[in-house]
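Student: Sequence lines, in order, name chains A and B.
Numbering follows my numbering, with no gaps: position 167 of the first sequence is 167.
Numbering follows my numbering, with no gaps: position 70 of the second sequence is 70.
It is worth saying that the hints were derived from the structure and are not from the lab.
Check each hint, because a few of them may be wrong.
Not the full set, but computed from the structure, chain B residues with beta-carbon under 7 Å of chain A [as the list claims (entries may be wrong)]:
#1 E74
#2 P131
#3 E153
#4 N159
#5 I229
#6 Y233
#7 H237
Positions of the beta carbon are idealized from the N, C-alpha and C atoms, including for glycine.
2 protein chains.
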Amino acid sequence: MKVSPKLDVPGLKQGHFQIHDILMFEGIDASLLAAFEVASQHRHVAKGTVLYIQGDEAEWFHLIQSGWVKLFRETIEGSEAIVDVITRGHLFGENTVFENGCYSYSAQAVEDVELISFPTKLLKDSIEKDPKLATNMLQSMSRYRLQQHREIEHFNVQNAPQRIGCFLLRLILDAPEAPVTLHLPYDKTLIAGRLGMKPETFSRALAKLKEATNLRVHGSSVTIPSVSILADYVCSHCSNSFPCEE
Amino acid sequence: MKVSPKLDVPGLKQGHFQIHDILMFEGIDASLLAAFEVASQHRHVAKGTVLYIQGDEAEWFHLIQSGWVKLFRETIEGSEAIVDVITRGHLFGENTVFENGCYSYSAQAVEDVELISFPTKLLKDSIEKDPKLATNMLQSMSRYRLQQHREIEHFNVQNAPQRIGCFLLRLILDAPEAPVTLHLPYDKTLIAGRLGMKPETFSRALAKLKEATNLRVHGSSVTIPSVSILADYVCSHCSNSFPCEE
């Protein structure tokens, strides 16, 4: 789930998110918001730290302030499958309140990460108290569902360079005219895994995308000289136009 | 969203679903269920009929009794992207109540289809009245989200024959010892599209799957002689084992 678009502009906006910035908490009673604020914990997590393992009891859900987190599962044969690679403005672990109370995937900080963590028990109790919170979560999940439909659609209609471009565009929620520099995980194979590509396919596709849109990559920085050129290249093969409504 | 596993066994169980069979309505007040029953319409829809177009105002959501329905979107360039291909036991269109009240994709009957349709307005009003309905929907959407995570994971860790096998296994929610015959859409390119495969990749992969698991395909019928052999072949490359918990 994403926070309100007005704040979810990684690489463009500095500053900390707070509980009331999260779309899920929009319009929620101030005393309830205050309870979440009181119960929250700010955490600095070092690169490589495993935050939790799939199957662990879900005590906390988290909002990323900075850095990248990898969500993954292990297959029965023991290989790792990347579920998502997410960054500032994203919540994770909040869904456990509708499941069996355990994390359905593992989470690891792929670089130094700053988090705000909230108790899942408080969320579970609050949903019962405030129907607005349930409705907000339904809306967020519905948007998320559309976004995932879009991704499955993309396997069908977009080529690999376009899918990388789409991943980048989803990190920019408005359409600035000036060049945009994004901060990605240093290890690009994570993004390859996230997009269901083999690392060698990803490298070739990224080279093609750079050529087509003048993208520049330096270590963990990606500079997009023109968001509109990138959007033209990517979104012609999608049922949405940029910026995505969900 | 799926109905309760106990009834969602396409190709194995005959008979009609009713409102109280849908997991979303589990534990809901009897008078509210009765209101849905009274407002429902049974529909027989001929093959090829477009049920609605993306962007149409969403008056109805539907439960499939028999047949296959294609959900799709059009890209800006005009090609068709398959969002899903679904069959009996599946709901569609119910999510529109959390969106802007319009269908976010188009729907077409890919063969003769039998539906029960319910007014979305009644659902929207009922969610406000009965918090249990909101919680049920959150649970269903959460399961759906896990399932979609699993699919994105599969692009990474499963080969094409395994992904076809997984699609088939998801149509069987228990693990019978006897052979199972499933009814698929006659036009297999729909499933190819659903799985993000080119038709030629799909044909090669299906041939490989038949060889590995003794699967037999006759027109729109697929016979799985041993579900456990198919599950062994497919689920070793997944973080779940068969039958899937979601």
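Student: Evaluate each hint against the coordinates.
Tutor: Now for the hints, and whether the structure bears them out:
The closest approach between the C-beta of B/E74 and any C-beta of chain A is roughly 6 Å, which is under the 7 Å cut-off, so the hint is satisfied. With its C-beta approaching chain A no nearer than about 5 Å, B/P131 sits inside the 7 Å limit, and its interface hint holds. The closest approach between the C-beta of B/E153 and any C-beta of chain A is roughly 4 Å, which is under the 7 Å cut-off, so the hint is satisfied. Annotation: B/N159 was flagged as interfacial toward chain A, and the flag is violated, the nearest CB pair being 12 Å apart, outside 7 Å.
The restraint placing B/I229 at the interface with chain A is violated, with a minimum CB-CB distance near 16 Å, outside the 7 Å limit. Of the supplied interface hints, the one on B/Y233 is violated, with its beta-carbon coming no nearer than about 12 Å to a beta-carbon of chain A, more than 7 Å. Below 7 Å, beta-carbon pairs count as interface contacts, and B/H237 has one with chain A at about 6 Å; its hint therefore holds.
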